[in-house]
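Undergrad: Protein chains in written order, with the working numbering: chain A, 410 to 714; chain B, -16 to 282.
In short, the hints are calculated from the structure, not lab data.
Please read these numbers as outputs of a predicted model, since none were measured by experiment.
Note that CB positions come from ideal geometry on N, CA and C, so glycine has one too.
Among the hints, a few may not be true.
[As the list claims (entries may be wrong)] One-sided and incomplete, this derived list gives chain A residues near chain B with beta-carbon spacing under 8 Å: (1) Val468; (2) Cys535; (3) Thr554; (4) Ile556; (5) Ile577; (6) Gln598; (7) Arg616; (8) Gly619; (9) Arg620; (10) Gln702; (11) Gly704.
[Claimed, not checked] Examples of chain A residues toward chain B, derived with CB under 10 Å: (12) Val480; (13) Asp534; (14) Val536; (15) Gln563; (16) Thr569; (17) Val570; (18) Ile641; (19) Thr698; (20) Glu703.
[Claimed, not checked] Take a look, some chain B residues computed to stay more than 12 Å from chain A by CB distance: (21) Thr13; (22) Ser37; (23) Thr49; (24) Thr57; (25) Leu91; (26) Pro92; (27) Asp148; (28) Gln193; (29) Gly206.
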Amino acid sequence: MPDTYEVTIRKEDRQFRLGLTSLLRRIAPAVILSLAVLVAPGVQSVLSAAITCTDADYVGHYAFSSVGSLVDLPPQGAIFLGTISQAGRFNPDGKGSVPIETFASYNGYETNGYTPGATYSVSPDCVVSFNLTLPLPLGAPSQFTGILSEHGTQMVLMLTVPQGTVIIGQHIKQDLLFCGLNNFSGAFQVDLTGTIARPQQLSGQYRQLGRLVSDGDGNFTASLITNYNGNIVPETVTGTYTLNSECFLTLSYPSVSAAQTVSFSGAIGGHGEIAMVTVLSEGWGVSGTLRAQEGTGGEQLEIRQ
Amino acid sequence: MKRLNLIGGLAGLLALGSCCSVQAAISCATGDYNGTYAFFTTGYFLQLPPAAASLMGPFAQAGTFTSDGQGNATIASTASYNGLIQPANVPATYVLNPDCTITFSLTLPPPLSVPSTFQGVFSQDNGQLSLMITSPGGSTVVGTHIKQYVQNCKLSTLNGAYAIDMEGSTNGILSAAGAAETGTFRRIGRVIADGAGNFTATTLADYNGQIVTENFNGTYTLGTNCVVSLIYTNGTNPSAQNAASRSGLLARRGAGIHETAGGQTITISGPLASAGQSAMVMVATQGWAVSGTLKAVQH
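With the rest of the complex left out, here is chain B:
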């Protein structure tokens, strides 16, 4: 994103008035989209071909878009289609317009495998991108992308307190009490990482209108590729088990947090964003279509 020079701006004011000079003040070129962006996605697939009908429903995703600054990108992600977890790595091409809107063309990864178009709008000096699937129709999927400046991550890169904010849906998650949980899900809370592979979390979870205090602890990994995974086992977290009858039902996987539902290990995993102040994550455990962020309380 570049500012036009002062002379050009003044010329715009004189020739076109204040309205158009504002529009001319921001300009993007293909090379302005360069590097890695961490992202998470949420939404629904409302219409799909009969062969893929079982995938209709809530969708969540987390991963990275990496651009070469020349119109090519690689998308590495983990996605949840109605609770079915699928990793994917697909190429895409893009066109970045002068007004800092962007269009991606790609073939959606299996199991969908159809040509598609994403359209988005940058903000914050190209540091943030909101992106929507615009073709084929039948979905309401939007992603939030944040540029990744951190590199060569290690455990100590995730250190301190983070606000957790995740949302989505669950599909038949089996609670510790044996009940099938299906519906809207939200979680907020606070995760503290010790910088050495261990974390504790105090959270509030909302299962379709039922608010539950869920506290848990576990371990995390953070590779040099800056993908964090937090893992915990429900059965080993007395505070979570005792918090409510549904305490065993969370399992997170994706950007680095594992949750265990009814004895399962749950993983929450995804890439770090910015300079490590946040992570774009999803629950990578079957039955969950939940994504969101970890955001540093202080940095």
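Chain A extracted, bound-state conformation:
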């Protein structure tokens, strides 16, 4: 992909981010394998081999959010059938262990979870397989499969075992080690999606776009366009936020249209240019992103909602 290499070199911010050492480490296999092309025919097999990953390539903290549906559960779990949304952080150690911290909503029932015993393996083609026991209230053995992209800084993830779910997660690497309030500062695009189960007057599909401006000191204003199952409601709100040292963000604001205080939480990704969040209000299964209006040049954070 020659065009892409050109852009990577031109973008100064990306050069800083990747770092020369990292860049060389990533390019080296491709260079070696490109030389192999000259020796051995078979373009397709060379392309396949040109990208290799190991467990060590998946390390650090990854902010994530997910949204989907539980469509088939055992009778004792029937109350949780419906929408599911989550946000939080995967913390792979580069050696096969990945503790997971989550805020989750199962059909509108909110819960916090910590899964210390999850394990993973990364195949040479950069596919990540996870094994874990789902946190309560589900508590069932499960498997996730993820595909890394963008040099291992992003991943899309599907819950594959047990069957009966339609859940996709989006992950982005966290480049900050410690956070303070001012790591969430400036103007952000709000982009949330999901379903509201309760209250009945709000129930149905949910989408929200908007612009949120944080003062870097725990306060924000936002102009929001909220879509409640096809009904469009514009709203301007003010609220407060916290951002702890581990880069977990929580925002709250009183919403007239929802007739309640809406709170959402999640983890900061990148250098603070994105937050992956989920709404914590009882009855809501909504998650999404806050993306900085400035920075990153539109190439790093193509997160699908």
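Position chain B relative to chain A; hints supplied.
TA: Chain B only, in chain A's frame:
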């Protein structure tokens, strides 16, 4: 998007406090929205006039918004209305506000053909836009737009490994086993393009909660307009046929990938975005309302 100068920023700090100086730091003008943006859309039409009732249901779309930087745009796309595939090319006007929110006015393409308003918010230095249909009501349709920097594409522009990430719904897709598949759909996986018009794919598909391994291979085209189409025929992909009883049911068309369902050819097609690191695609085969992205694993 422009930063105000330092003097202005300091004046803002002195006069208005840190809150407002942050707000003043970002500004957009009409000319800042200029060029081509690749996009895909997903959502639902929940209410439509009786004459269009058959189009209610899941919606997916992929294509381009091209702006002249002076308030005018052209939208070229392929859309799926509840599985009915329709190409469209419509003009629009837009107003870009100083806070980098944008409002489009246009008449929706046939078969809807009604005046409409889209509203959106830019991020990432105007490189990314999220956009919602806000008028008429009755839909939950949101699009994701990424600026396109690549031009004059050729087959070799799509080369290497890409993560595939698509979602939506299927409406009566006939599986290889003859079952009608209707419900939520997701696919993730890995596509490898050889830069010469051939690709292989290893994927996981989720049909309303049933996870199936589906591997397939096919061919792709990539025109100078940077629209890629991947095409495959289910019946010629033994790995897909053997993966599960429903292996024959995928057919993709849109941003360049064709899938074949039950003997059909399936196309996945859409434009490249950024400098070619990603593509915004949809399945352009009847019965599918599925869209998403291909994103380079490495670039």
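Undergrad: Determine for every hint whether it applies to the structure shown.
TA: How the hints compare with the structure:
no.: 1; hint: Val468; result: violated (17 Å)
no.: 2; hint: Cys535; result: holds (5 Å)
no.: 3; hint: Thr554; result: holds (6 Å)
no.: 4; hint: Ile556; result: holds (4 Å)
no.: 5; hint: Ile577; result: holds (5 Å)
no.: 6; hint: Gln598; result: holds (4 Å)
no.: 7; hint: Arg616; result: holds (5 Å)
no.: 8; hint: Gly619; result: holds (6 Å)
no.: 9; hint: Arg620; result: holds (5 Å)
no.: 10; hint: Gln702; result: holds (5 Å)
no.: 11; hint: Gly704; result: holds (6 Å)
no.: 12; hint: Val480; result: holds (4 Å)
no.: 13; hint: Asp534; result: holds (6 Å)
no.: 14; hint: Val536; result: holds (7 Å)
no.: 15; hint: Gln563; result: holds (7 Å)
no.: 16; hint: Thr569; result: holds (5 Å)
no.: 17; hint: Val570; result: holds (7 Å)
no.: 18; hint: Ile641; result: holds (5 Å)
no.: 19; hint: Thr698; result: holds (9 Å)
no.: 20; hint: Glu703; result: holds (6 Å)
no.: 21; hint: Thr13; result: holds (17 Å)
no.: 22; hint: Ser37; result: holds (18 Å)
no.: 23; hint: Thr49; result: holds (16 Å)
no.: 24; hint: Thr57; result: holds (20 Å)
no.: 25; hint: Leu91; result: holds (15 Å)
no.: 26; hint: Pro92; result: holds (20 Å)
no.: 27; hint: Asp148; result: violated (4 Å)
no.: 28; hint: Gln193; result: violated (6 Å)
no.: 29; hint: Gly206; result: holds (15 Å)
Hint check: violations occur at hints 1, 27, 28; the rest are consistent with the structure.
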